[in-house]
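Asker: These are the residues of each chain, in order.
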Amino acid sequence: MTHRPDRTLDVRALARVEGEGAMHVRVRAGAVEQVRLEIYEPPRFFEAFLRGRRYTEPPDITARICGICPVAYQMSACAAIEDACGVQVDGAVADLRRLLYCGEWIESHVLHIYLLHAPDFLGYPSAIDMAKDHRDVVERGLALKKVGNEIMEVVGGRAIHPINVRIGGFYRAPSRQQMTALAAKLRVALDQALDTARWVAGFEFPDFHHDHEMLALSEPGRYAIERGSVVTTGGLAFPVTAFEEHVIEEHIEHSTALHAHLAGRGRYLTGPAARYTLNRAWLSPLARQVADDIGLGERCDNPYRSILVRAVEVVYAVEEALRLIDEYEPPAVPYVDVQPRAATGYGATEAPRGTLFHRYALDADGLITSARIVPPTSQNQASIEEDLRRFVADRLHLSDHQLTHDCEQAIRNYDPCISCATHFLDLTVDRS
Amino acid sequence: MDAPTLAVWKFASCDGCQLTLLDCEDELLALAGRVRVAHFLEASREVLPGPYDVSLVEGSITTAEDAERIRRVREDSRTLVTIGACATSGGVQALRNFADVEEFRSVVYAHPEYISTLATSTPISAHVDVDFELRGCPVDRRQLLEVITALLVGRKPNIPAHSVCFECKQRGNVCVVVAHGAACLGPVTHAGCGALCPAHNRGCYGCFGPMDTPNPQAQAGLLRATGMSDDDIQRAARTFNVSAPTFIELSRVATRGKAS
Numbered sequence: 000m001t002h003r004p005d006r007t008l009d010v011r012a013l014a015r016v017e018g019e020g021a022m023h024v025r026v027r028a029g030a031v032e033q034v035r036l037e038i039y040e041p042p043r044f045f046e047a048f049l050r051g052r053r054y055t056e057p058p059d060i061t062a063r064i065c066g067i068c069p070v071a072y073q074m075s076a077c078a079a080i081e082d083a084c085g086v087q088v089d090g091a092v093a094d095l096r097r098l099l100y101c102g103e104w105i106e107s108h109v110l111h112i113y114l115l116h117a118p119d120f121l122g123y124p125s126a127i128d129m130a131k132d133h134r135d136v137v138e139r140g141l142a143l144k145k146v147g148n149e150i151m152e153v154v155g156g157r158a159i160h161p162i163n164v165r166i167g168g169f170y171r172a173p174s175r176q177q178m179t180a181l182a183a184k185l186r187v188a189l190d191q192a193l194d195t196a197r198w199v200a201g202f203e204f205p206d207f208h209h210d211h212e213m214l215a216l217s218e219p220g221r222y223a224i225e226r227g228s229v230v231t232t233g234g235l236a237f238p239v240t241a242f243e244e245h246v247i248e249e250h251i252e253h254s255t256a257l258h259a260h261l262a263g264r265g266r267y268l269t270g271p272a273a274r275y276t277l278n279r280a281w282l283s284p285l286a287r288q289v290a291d292d293i294g295l296g297e298r299c300d301n302p303y304r305s306i307l308v309r310a311v312e313v314v315y316a317v318e319e320a321l322r323l324i325d326e327y328e329p330p331a332v333p334y335v336d337v338q339p340r341a342a343t344g345y346g347a348t349e350a351p352r353g354t355l356f357h358r359y360a361l362d363a364d365g366l367i368t369s370a371r372i373v374p375p376t377s378q379n380q381a382s383i384e385e386d387l388r389r390f391v392a393d394r395l396h397l398s399d400h401q402l403t404h405d406c407e408q409a410i411r412n413y414d415p416c417i418s419c420a421t422h423f424l425d426l427t428v429d430r431s
Numbered sequence: 000m001d002a003p004t005l006a007v008w009k010f011a012s013c014d015g016c017q018l019t020l021l022d023c024e025d026e027l028l029a030l031a032g033r034v035r036v037a038h039f040l041e042a043s044r045e046v047l048p049g050p051y052d053v054s055l056v057e058g059s060i061t062t063a064e065d066a067e068r069i070r071r072v073r074e075d076s077r078t079l080v081t082i083g084a085c086a087t088s089g090g091v092q093a094l095r096n097f098a099d100v101e102e103f104r105s106v107v108y109a110h111p112e113y114i115s116t117l118a119t120s121t122p123i124s125a126h127v128d129v130d131f132e133l134r135g136c137p138v139d140r141r142q143l144l145e146v147i148t149a150l151l152v153g154r155k156p157n158i159p160a161h162s163v164c165f166e167c168k169q170r171g172n173v174c175v176v177v178a179h180g181a182a183c184l185g186p187v188t189h190a191g192c193g194a195l196c197p198a199h200n201r202g203c204y205g206c207f208g209p210m211d212t213p214n215p216q217a218q219a220g221l222l223r224a225t226g227m228s229d230d231d232i233q234r235a236a237r238t239f240n241v242s243a244p245t246f247i248e249l250s251r252v253a254t255r256g257k258a259s
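One line per chain: the protein sequences are A and B, in this order. Just so we're aligned: 280 in numbering that gives the first Met the number 0 is position 281 of the first sequence, and the numbers increase by one with no gaps anywhere. Just so we're aligned: 163 in numbering that gives the first Met the number 0 is position 164 of the second sequence, and the numbers increase by one with no gaps anywhere.
Just so you know, these hints were derived from the structure itself, not from any lab. None of the values given here were measured: they were computed from a predicted structure. Heads up, a few of these hints could be off.
[What the hints assert, rightly or not] A partial selection of chain A residues facing chain B, derived with a Cβ cut-off under 7 Å:
(1) VAL26
(2) GLU46
(3) ALA47
(4) PHE48
(5) ARG63
(6) ALA130
(7) LYS144
(8) LYS145
(9) ASN148
(10) ARG157
(11) ALA158
(12) HIS160
(13) ARG171
(14) ILE293
(15) GLY296
(16) TYR303
Quick reminder that beta carbons are idealized off the backbone N, C-alpha and C, glycines included.
Sequences are here, hints too, so could you generate the full structure?
Answerer: What follows is the structure, given as C-alpha cells:
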C-alpha cells in the first residue's frame, strides 16, 4: 500500500489555517512529480475596488482583507498613503501605532501557537480536545491571547477591524487610566509569555532545514514592526519604495497562485523566522535571553521551530507594550493632518505572518487611481511548496493517512493566512 | 442526551467572524463543554458527519461551486445562522455588483482567464432559507454568544434591531453629528457594536448594516448637511453592506442628487 510507485494525495480543506486552502501531491514512479498548495479562497478584488475611493478609506477597507491581522493592513495602508502625501508620523502617535501592532502580534501569534499549531505537536485534532487533558495550558493561552485583544480594544477600539485608526494617527487617544489598567494585565501576561516559551521548547521538532533566502523589514535600534527597510539573509538591502523592483509576482500557468520571487534570485521566505534570523540583535535583552534558553540559536531555518520564534516574539511584544505604556502621555491631538496630493506612496510593515506591502497612487483630489497589495502568504507560497516537495520525497514510505497528516502540519508551520490572499487564484482542481 | 452539534462554515470572507468565536476567551471552553464542535475547520481537523443542530455561516456566495455548497450546508443543518456582513448582505466584495467584474478581474490578475468567479457577491439568504441573521463587520462577540446561548435553550435571540443612535444614548455619547458636524450613518445603522465609532469621536460607518426601519432619504439629507458631496455619500453607502437595500437606496439618493 505505502510502497506503490504512483499515488495522489489530496487534502481538500486544510484545517487550522486562516482561510480556505487545499493541498495536492502527485507521485509518479516513486518520485514526487508535483506539489501544490491550492488556494481556493474566492477572489474578492480589493485592489480593483479601491480605485475611486478617497485616500482616507484604505485603513477601514483593507482591514477587511484579514480578520486575524487587520492592524497590519491598516498600518501598511497608512504608511503608504502618508508616504504619498509627504507626511511622517512620529512621537506619541507613532508609539501608539507600535503598541496597537504589539497587540495584534500577541493575539495572532498566541492564536497560532495554542489553537492552531500546538495540537499538532501534542497529537490532538484541536485545542478544544487538547484542553481535555491540558486545561491549564489552554486557559493560559486564551488568557494571553485576550491581553493582545485588549490592547487592540483600548488602542484600536475593537479587536477585529479596529475603528480608531485613521490616516495620520487615531481618532481618539486612550486615557492614562485605560493604559494603567492594561499595564497591570500585561505584567501578568509577561509571565504567561515566558511560560509559553518554556512550554513550546519541550516539543519534539523533526530535523528539517531549508535554504531559502529570508526577507524582513529591519530598523536599526529596535525590532522592526511598523516600519523599516527591507533586508535579506542573502545580503540584499533596499528601501520599501523599491519593493516592486525586487519582488516579482509571477502568474504561472497551471499554478494556483501568484508566486513571488526576488528578481534574479528566486524564492524566499518572510515571517517570524526571517525576522528572528535578520533582527535577533534588536530583540530586548529578556527576549534574546529567552531565545537562547530555549535553544533557538542565531538563525531559524527549521520551519517546525517557528513556534519557538513566535513564542519569543510574544515575549518581546508584551515587554515592548509595557515599555510603550510606561512612557505614554496622551497626545494633545492624536493624529497628524494629512492633505492629499497627486503622488504614489509605498508602505510596508511586519504583519504577524511577514512583510506586508501596499502601494497607492492618488490624484490631486485625493482619489485612489491604483492600488497594489502584496501579502506575506503569497510571498511564501513558492517556499512552502518547495519545502513540501522535499518533505514528501523523504516520507514516501508513510501511509497516505500519515503522510497527509504530516503535510498538513508542515503547512501549518508557516501559519499561512489564505484570506489575506488578495490575489491568489481560484482554479478548478483536477482531482482525478 | 447527546450535546447539540455546532458547525462553522466559511464562504468568501476575511475569517474575522468565525475568529470572533475563538476570541470568546473566557467562554470558549465552557461552550465546548455544552456543544459538540462537529465542523470548524479554522479550529479543528476533526470533521464529524452531519446533520448539524446549529450551523454558523460566514462569508458570501461568489462562485458557482459555493452556490452549490451552501445548499448542501442547508440540507445538513437544522438551524442555519449567518454571522456577519458578508453572509448577511454580501460584504465589501459585493462592490463588484456595481462594477464590471471582467474589468476587476483584469486589474488584479495577469491571466484573468484562470479566475472563476460569479459576477456578483450575494448573501446566504439569496440562496437558501436562513433562520437568523447576525449583523456586523465583524459580528459582536457578546451578540454571537447571545445567539448561540438562545439557540441552545430554544428561545429567540435577544438582538435589538434599532439604530446605533439608541446605543449612543445608552452609552452617554455626545452626538458627533450635533456636536462636531461629523458624517454619521448611525441613524440608519443596526445596533450591536455599542456605538463604538461615536465613542471614539468619529461617525458610524455602517458596518452593522441597516436597522429595521431606516429612512435613507433623511440620512442623505443629514450627510449633505455635514458638507458631504453626493460622491462622498455614495462612497459612504458603498462599503461593507453595499448590497443591503437601505444602502443601495442611500446610494441612489446620492446619484439622483448628482443628476439634478
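Asker: Would the stated hint for PHE48 of chain A survive a check requiring a Cβ distance to chain B of less than 7 Å?
Answerer: Given a least distance of 4 Å, the restraint on PHE48 of chain A holds.
Asker: For the restraint on HIS160 of chain A, tell me whether the closest CB of chain B is nearer than 7 Å.
Answerer: Constraint on HIS160 of chain A satisfied, holds at 6 Å.
Asker: Is the hint on ASN148 of chain A kept, meaning its closest Cβ partner in chain B is under 7 Å away?
Answerer: With a closest approach of 6 Å, the ASN148 of chain A hint holds.
Asker: The hint names ILE293 of chain A as touching chain B; please verify it with the least Cβ-Cβ distance against 7 Å.
Answerer: violated (25 Å)
Asker: Min Cβ distance, ALA47 of chain A to chain B: is it shorter than 7 Å?
Answerer: Holds, because the Cβ-Cβ distance from ALA47 of chain A to chain B comes to roughly 4 Å (cut-off 7 Å).
Asker: Holds or violated: ARG157 of chain A as interface residue toward chain B, Cβ cutoff 7 Å?
Answerer: The hint holds - ARG157 of chain A has a Cβ within 7 Å of chain B, the shortest such distance being about 6 Å.
Asker: Is the interface hint satisfied for TYR303 of chain A? The criterion is a beta-carbon contact with chain B at less than 7 Å.
Answerer: Since the shortest Cβ distance to chain B is 17 Å, the answer is violated.
Asker: Close enough to count: is the Cβ of VAL26 of chain A nearer than 7 Å to one in chain B?
Answerer: Status violated, d = 22 Å.
Asker: Tell me if ALA158 of chain A is really an interface residue toward chain B, meaning its C-beta lies closer than 7 Å to one of theirs.
Answerer: holds (6 Å)
Asker: Identify whether the interface hint at ARG63 of chain A stands, where standing means a beta carbon of chain B within less than 7 Å of its own.
Answerer: Hint on ARG63 of chain A: holds, closest Cβ of chain B at ~5 Å, below 7 Å.
Asker: Is the interface hint for ALA130 of chain A satisfied, with its Cβ closer than 7 Å to some Cβ of chain B?
Answerer: holds (6 Å)
Asker: Under the criterion of a CB-CB separation shorter than 7 Å, is LYS145 of chain A in contact with chain B as hinted?
Answerer: Where the cut-off is 7 Å and the nearest Cβ of chain B is about 4 Å from LYS145 of chain A, the hint holds.
The structure shown violates the earlier hints numbered 1, 14, 15 and 16.
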